[in-house]
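As given, the protein sequences belong to chains A, B, C and D, one line each in that order.
Reading the first sequence from the start, the letters are residues 0 to 145 in numbering that gives the first Met the number 0.
Reading the second sequence from the start, the letters are residues 0 to 145 in numbering that gives the first Met the number 0.
Reading the third sequence from the start, the letters are residues 0 to 145 in numbering that gives the first Met the number 0.
Reading the fourth sequence from the start, the letters are residues 0 to 145 in numbering that gives the first Met the number 0.
Be aware that one or more of the hints could be misleading.
Identical copies carry no separate label here, and so any pair may be met within one copy or between two of them.
Here are the computed lysine to aspartate or glutamate pairs in the EDC-like style, where the Cα-Cα straight-line distance is at most 16 Å [as the list claims (entries may be wrong)]:
(1) Lys39 / Asp73
(2) Lys67 / Asp114
(3) Lys74 / Glu47
(4) Lys39 / Glu9
(5) Lys1 / Glu40
(6) Lys74 / Glu7
Because the hints were derived from the structure by calculation, they are not lab data.
Residue-level listing of the chains:
Number of protein chains: 4
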Amino acid sequence: MKDVVISEFEVRWGECDPAGIIYHPNYIDWFSVARMRFIKENGLSYMESFHDQGLVLVVIQVGLSCKKTLRAEDKAYVHARLEVCTRTRMQFHYDVYNESGTLCASGFTEHAFVDIPTNKAVNIAKRNPELWAILQGLPVTQPETH
Amino acid sequence: MKDVVISEFEVRWGECDPAGIIYHPNYIDWFSVARMRFIKENGLSYMESFHDQGLVLVVIQVGLSCKKTLRAEDKAYVHARLEVCTRTRMQFHYDVYNESGTLCASGFTEHAFVDIPTNKAVNIAKRNPELWAILQGLPVTQPETH
Amino acid sequence: MKDVVISEFEVRWGECDPAGIIYHPNYIDWFSVARMRFIKENGLSYMESFHDQGLVLVVIQVGLSCKKTLRAEDKAYVHARLEVCTRTRMQFHYDVYNESGTLCASGFTEHAFVDIPTNKAVNIAKRNPELWAILQGLPVTQPETH
Amino acid sequence: MKDVVISEFEVRWGECDPAGIIYHPNYIDWFSVARMRFIKENGLSYMESFHDQGLVLVVIQVGLSCKKTLRAEDKAYVHARLEVCTRTRMQFHYDVYNESGTLCASGFTEHAFVDIPTNKAVNIAKRNPELWAILQGLPVTQPETH
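Next comes chain A alone, as it looks inside the complex (with noise of 0.2 Å):
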């Protein structure tokens, strides 16, 4: 198991924005990658025991703090661990560092997990108690403070 995931990306031009700055909203999407590779790193595969079970894990609540530009080239290291875990919550928390280990940006993301077909939120442990067995075992650790 592993606490922190660390995802690596390169700024994409087509995710810079006017001011030759990354666009904020793409820090959100990388959270998703970030999330997607903690959850596979820990020994599940989202599209496989979420989505191709007719879950998904909604978003209710984002925060996002920025603190030092990207531009495109550049390359990022989204450090991703799992704050909270519970039978119909998880939260993450994620940041953002470029090359030379500057905190650029950092945020979490709440969900709940949501039943696709009836978008309806659900009670993990009773809708899919295997799963709620395996996501039991995730290791949930607090943020570094900075």
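Starting from the structure of chain A, add chains B, C and D where the hints point.
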């Protein structure tokens, strides 16, 4: 002057994800559209008054809360208002309603004034006194409580 | 029936790149909006008549020609028409004009009817005879020559 | 010098549409990443050698052919090569393969050299003779036939 400026959207196919619902970073993208529209309907063009002057309203903080999903072809209305306007900061609040008037999402963006060539935060009253004179006239109001 | 359906856009800040102009893949995204609008203004909802029936108009070929750039806050008008409609293919043509009526870009998308659950191309006359009856009534016209 | 430069991608959740497959404009976005990587692996940085010099390789023509779908978490490999390089034009060809080596998509982008401040096409040999000297050394090859 308009306290609240409403921007209309129709959810695009490409704004939705494999769960069939709007992908949440796109709300943050809509906020940019709604913010620029707020500025325009209150007498300024973001492109002419900020961008062409080498200024960017860089995002330093974002909050998003999602309450109800939207899918492709759904109409949505983003109500934007200005919450804070000082020499160094602007903060906008956004409420997203669907066609039947249900609140689907809400959020805020906090901005600093940044000089594009130097990538440094500036005091707008010093950097662009004429723009600051206009900004002081913008209607600052608090969001509706839900 | 409408031979040509016009969709209005205002270039979004997030649709532009560090060169300050619309990032070209976004034209292809606009084409999706324009195509769905064409279908809707001719009596069908893409979401209800295709997507909800487990059908996707999957893209097999795209062409795009860019003539004049657009920047954020510019208005643009996409003129969409249907060029080909057979039991296995649909092809649409798009012309993008700016506010002064100058052609900025044009392109086409060619589509096959694909069954989402099996991810296989289908003959729409066999798969959905009622939908095929309606599609046969759509106006097929050739693009304006420039 | 490398005739073909391979860029690796993992399809992002946000790059897929409600049909559960990669949304086709994202291939065109990948082409930009692959093109900049081609340039970089052949000794130039797009950001430093073009963008920072006020030059953009503006897109004038795009072609895309889709053969097989990809979904989120799938690996993909874009093989980029340079097909044409003159004083006024560059054309790149791209082939997208999945993890098992099947061709999923292919396409091309044709570019003009444009001066960002004036938004005018330029002869690169006159505008930036040193850059032109380097560009002449890039390997120009024809795409694999399929």
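Hint check:
1. Lys39 / Asp73: between (25 Å within a copy, 13 Å between copies)
2. Lys67 / Asp114: For Lys67 and Asp114, the Cα distance is within 16 Å only across copies (14 Å; inside one copy 38 Å).
3. Lys74 / Glu47: Between. Shortest inter-copy distance 15 Å satisfies the 16 Å Cα cut-off; intra-copy 29 Å does not.
4. Lys39 / Glu9: between (20 Å within a copy, 13 Å between copies)
5. Lys1 / Glu40: Within one copy only: 7 Å inside a chain, 33 Å across chains, cut-off 16 Å.
6. Lys74 / Glu7: both (7 Å within a copy, 15 Å between copies)
Of the numbered hints given earlier, the model fails none.
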